[in-house]
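Each chain, written out:
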Amino acid sequence: DTGVSQDPRHKITKRGQNVTFRCDPISEHNRLYWYRQTLGQGPEFLTYFQNEAQLEKSRLLSDRFSAERPKGSFSTLEIQRTEQGDSAMYLCASSLGALGQFFGPGTRLTVL
Amino acid sequence: QQQVKQSPQSLIVQKGGISIINCAYENTAFDYFPWYQQFPGKGPALLIAIRPDVSEKKEGRFTISFNKSAKQFSLHIMDSQPGDSATYFCAGQWGGGADGLTFGKGTHLIIQP
Chain A
425 DTGVSQDPRH KITKRGQNVT FRCDPISEHN RLYWYRQTLG QGPEFLTYFQ NEAQLEKSRL
485 LSDRFSAERP KGSFSTLEIQ RTEQGDSAMY LCASSLGALG QFFGPGTRLT VL
Chain B
1348 QQQVKQSPQS LIVQKGGISI INCAYENTAF DYFPWYQQFP GKGPALLIAI RPDVSEKKEG
1408 RFTISFNKSA KQFSLHIMDS QPGDSATYFC AGQWGGGADG LTFGKGTHLI IQP
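Quick note, the sequences are listed as chains A and B, same order.
Each number in my numbering comes from the position in the first sequence (counting from 1) with 424 added on.
Each number in my numbering comes from the position in the second sequence (counting from 1) with 1347 added on.
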C-alpha cells in the first residue's frame, strides 16, 4: 500500500494520560501535515513539516501537544495530560511540494 | 474567523441529478482550492482542485467553477450516483503550503436511488 498510513486507528485513554500517534507519509513526500477533525466539522490545521523541520504551528497546538519528524520520514504526534476536549480524529497528510495533500485514515482518540 | 464558508450543510439529490455545493473564501492570499470527499470513518480523499487563473476545471463527472472577483467557487457533480453519497469539503490554501489547508464545515450529500 503506497498511501499515507496512521497508527493506531483507534485510541481510548483516560483523562490525564499521555498518548502518541504515528504517521507514515507517502514515500518521498517531503511535506507532512497534522490536522484535527471533530464531529461535523472540517479538519483543522495543527502543524506542518518540510522534511524534518517543523515550519508552522497553529495556535490550536497547545503546549501539551508536540510533534516530531526526526528523519524526515515518519512523524509522531504526542498529547500530554489528555483532556476530554482532545477527543477527535487526528489526521495526517503528506504532499510532494506545496500542493496536493493526501490524507491518511486518521486516528480516532477518545478521552474518558 | 471562518475563512471558508460552505453551503448547504446538507443536500439530497435524486440519482442522475446534478449536485451543487458552494464555497466562499475571505483570505485573498489563497491561490489553491481543492475539494475533498470523505466517507464515514475514513480520511478525506482529494477529488479535484483549481488555481484562480482558470474559471473552470472538469474531471469526469466533477467540475469546479471559480469566480475570483466574487471570491466564490463551487463543485458540480453531474449524473450523481448513490456511491457519491459522502461529506464534501472545500478548502483554500496559500500556494506556499506552509499554513496547511483551511477547510469549510462540509456538506453531507445524499443521493437517493
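Don't read these hints as lab results, they were simulated from the structure.
As the structure is a prediction and not an experimental result, all values here were calculated from the model.
Glycine included, every Cβ here is placed at the ideal spot set by N, Cα and C.
Any given hint could be a false lead.
Claimed, not checked - Below, a list of computed lysine to aspartate or glutamate pairs in the EDC-like style, where the Cα atoms sit at most 20 Å apart:
1. B:Lys1389 x A:Asp431
2. B:Lys1389 x A:Asp448
3. B:Lys1418 x B:Asp1431
4. B:Lys1415 x B:Asp1431
5. A:Lys435 x A:Glu502
6. A:Lys481 x A:Asp510
7. A:Lys435 x A:Asp448
8. B:Lys1405 x B:Asp1446
9. A:Lys495 x A:Asp510
10. B:Lys1362 x B:Asp1446
11. B:Lys1389 x A:Glu476
12. A:Lys481 x A:Glu502
13. B:Lys1362 x B:Glu1403
14. B:Lys1452 x A:Glu502
15. B:Lys1418 x B:Asp1400
16. B:Lys1389 x A:Asp510
17. B:Lys1405 x B:Asp1378
18. B:Lys1404 x B:Asp1426
19. B:Lys1452 x A:Glu468
20. A:Lys481 x B:Glu1403
21. B:Lys1415 x B:Asp1378
22. B:Lys1352 x A:Glu468
23. A:Lys438 x A:Asp510
24. A:Lys438 x A:Asp487
Stated by the list, open to error - A few chain B residues that don't get close to chain A, going by computed Cβ distances all over 10 Å:
25. Ser1354
26. Val1360
27. Gly1364
28. Val1401
29. Lys1405
30. Arg1408
31. Lys1418
32. Thr1449
33. Gly1451
What the hints assert, rightly or not - Computed far set for chain A versus chain B, every beta-carbon distance over 12 Å:
34. Asn442
35. Ser482
36. Lys495
37. Thr500
Status of each hint after checking the structure:
no. : hint                  : verdict
1   : B:Lys1389 x A:Asp431  : holds, 13 Å
2   : B:Lys1389 x A:Asp448  : holds, 16 Å
3   : B:Lys1418 x B:Asp1431 : violated, 26 Å
4   : B:Lys1415 x B:Asp1431 : violated, 27 Å
5   : A:Lys435 x A:Glu502   : holds, 12 Å
6   : A:Lys481 x A:Asp510   : holds, 17 Å
7   : A:Lys435 x A:Asp448   : holds, 17 Å
8   : B:Lys1405 x B:Asp1446 : violated, 27 Å
9   : A:Lys495 x A:Asp510   : violated, 27 Å
10  : B:Lys1362 x B:Asp1446 : violated, 38 Å
11  : B:Lys1389 x A:Glu476  : violated, 27 Å
12  : A:Lys481 x A:Glu502   : holds, 14 Å
13  : B:Lys1362 x B:Glu1403 : violated, 24 Å
14  : B:Lys1452 x A:Glu502  : violated, 26 Å
15  : B:Lys1418 x B:Asp1400 : holds, 13 Å
16  : B:Lys1389 x A:Asp510  : holds, 19 Å
17  : B:Lys1405 x B:Asp1378 : holds, 18 Å
18  : B:Lys1404 x B:Asp1426 : holds, 17 Å
19  : B:Lys1452 x A:Glu468  : holds, 10 Å
20  : A:Lys481 x B:Glu1403  : violated, 33 Å
21  : B:Lys1415 x B:Asp1378 : holds, 10 Å
22  : B:Lys1352 x A:Glu468  : holds, 14 Å
23  : A:Lys438 x A:Asp510   : holds, 11 Å
24  : A:Lys438 x A:Asp487   : holds, 19 Å
25  : Ser1354               : holds, 13 Å
26  : Val1360               : holds, 20 Å
27  : Gly1364               : holds, 25 Å
28  : Val1401               : holds, 14 Å
29  : Lys1405               : holds, 18 Å
30  : Arg1408               : holds, 20 Å
31  : Lys1418               : holds, 18 Å
32  : Thr1449               : violated, 7 Å
33  : Gly1451               : violated, 6 Å
34  : Asn442                : holds, 24 Å
35  : Ser482                : violated, 8 Å
36  : Lys495                : holds, 21 Å
37  : Thr500                : holds, 18 Å
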